[in-house]
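Just need the whole structure built from these sequences, with the hints factored in.
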Amino acid sequence: MSTQRTWWQSLDVKQRLKLVVYALLLVNFAHYIGNDIEQAQHTFHSGWRWYDWTSNFATTLDELGWFILLFLLELHTYVLSDDAFTRGRLMAMNVIRLICYLAIGHAVFAFGEYLVDLAAATHHVDSALCAFANDGLSFTRNLEYWELDASNCGTLSTGSEFYIFSQGQVISDAAGMTIELELAWVDLVEVVVWLFILFLIELRIRLQDRGISSSRLLSFATTTKGVLYGILWCLAAYWAHRGHWIFAWDEALWILGFMAIGMNLSDWRKEIAQSTPAAGETSGAN
Numbered sequence: 026m027s028t029q030r031t032w033w034q035s036l037d038v039k040q041r042l043k044l045v046v047y048a049l050l051l052v053n054f055a056h057y058i059g060n061d062i063e064q065a066q067h068t069f070h071s072g073w074r075w076y077d078w079t080s081n082f083a084t085t086l087d088e089l090g091w092f093i094l095l096f097l098l099e100l101h102t103y104v105l106s107d108d109a110f111t112r113g114r115l116m117a118m119n120v121i122r123l124i125c126y127l128a129i130g131h132a133v134f135a136f137g138e139y140l141v142d143l144a145a146a147t148h149h150v151d152s153a154l155c156a157f158a159n160d161g162l163s164f165t166r167n168l169e170y171w172e173l174d175a176s177n178c179g180t181l182s183t184g185s186e187f188y189i190f191s192q193g194q195v196i197s198d199a200a201g202m203t204i205e206l207e208l209a210w211v212d213l214v215e216v217v218v219w220l221f222i223l224f225l226i227e228l229r230i231r232l233q234d235r236g237i238s239s240s241r242l243l244s245f246a247t248t249t250k251g252v253l254y255g256i257l258w259c260l261a262a263y264w265a266h267r268g269h270w271i272f273a274w275d276e277a278l279w280i281l282g283f284m285a286i287g288m289n290l291s292d293w294r295k296e297i298a299q300s301t302p303a304a305g306e307t308s309g310a311n
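Under our numbering, think of the first position of the sequence shown as 26, with each following residue one higher.
Do not take every clue at face value.
Stated by the list, open to error - Derived Cβ-Cβ restraints for the label pairs, each shown as a range:
#1 ALA175 / LEU49: 34 to 44 angstroms
#2 ARG231 / ASN177: 53 to 63 angstroms
#3 ASN119 / THR180: 53 to 63 angstroms
#4 GLY193 / ARG235: 46 to 56 angstroms
Note that these hints are calculated values from the structure, not bench results. From the three backbone atoms N, C-alpha and C, an ideal C-beta is built for every residue, glycine too.
Shown next, in the form of structure tokens:
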């Protein structure tokens with residue numbers, strides 16, 4: 026009787042969990058694309074430039090950049106052996122990595138610009154929402170959008186203070202504006218924290234590429250990364266607090282995905298320590 030194992034059975038528990046997390050992240054990616062498309066339906070106007078399109082889909086581009094970087098990190102820390110890193114492959118990976126950084130950098134800029142846009146919103150007081158019913162606006166609150174018209178203006182908000190933003194396409198009341206500002210700050214802080222985590226992972230890879238398995242710098246990077254993950258867990262809790270469970274779930278999956286890269290690095294670190302214990306001890310003294 027054949028006892029040949031499938032490729033899935035040949036994987037250990039850590040690798041199976043890692044693949045499940047990556048697959049779930051891809052499923053969530055489709056949700057973000059849908060959100061950006063819905064937002065575009067309410068904020069698009071004939072004056073949009075190329076940058077307006079990329080800003081509207083900043084989250085999609087940001088997620089795509091992170092996916093590719095996660096894939097490259099997986100190749101670097103687990104899939105490929107040291108001999109596989111030829112000059113040509115390294116150059117190609119660095120070019121792709123640069124493009125991903127540009128996409129993520131664009132997201133940082135777009136999220137920051139959106140905060141500026143919110144700060145410059147046109148403020149209306151002592152008004153009723155129905156006064157704007159014929160202005161072709163969309164009403165938003167907590168990432169939900171409605172086409173504003175005479176049939177729904179009385180039920181969407183009973184406030185008397187309103188803000189118009191997103192190039193004059195969107196309106197919200199005071200409560201909605203508070204939430205909009207909070208969400209905008211969460212988006213910006215989130216992507217910046219992830220960039221710091223990525224920097225620390227890249228630092229650890231560079232050190233271990235040099236055969237360093239123990240040093241004060243490595244310990245500092247590990248501790249700092251733990252603090253940054255803690256900030257991200259707090260942001261996930263905020264998404265859940267606002268009722269956006271899919272975003273909280275996605276945040277948790279990304280944290281687990283990058284923790285999987287951390288496990289790869291830890292296994293690699295053990296290999297370095299076992300193969301060159303003397304070098305590891307010497308490096309740790311620096």
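Worksheet item: Looking back at the hints listed earlier, which ones does the structure fail to meet?
Response: The structure breaks none of the hints.
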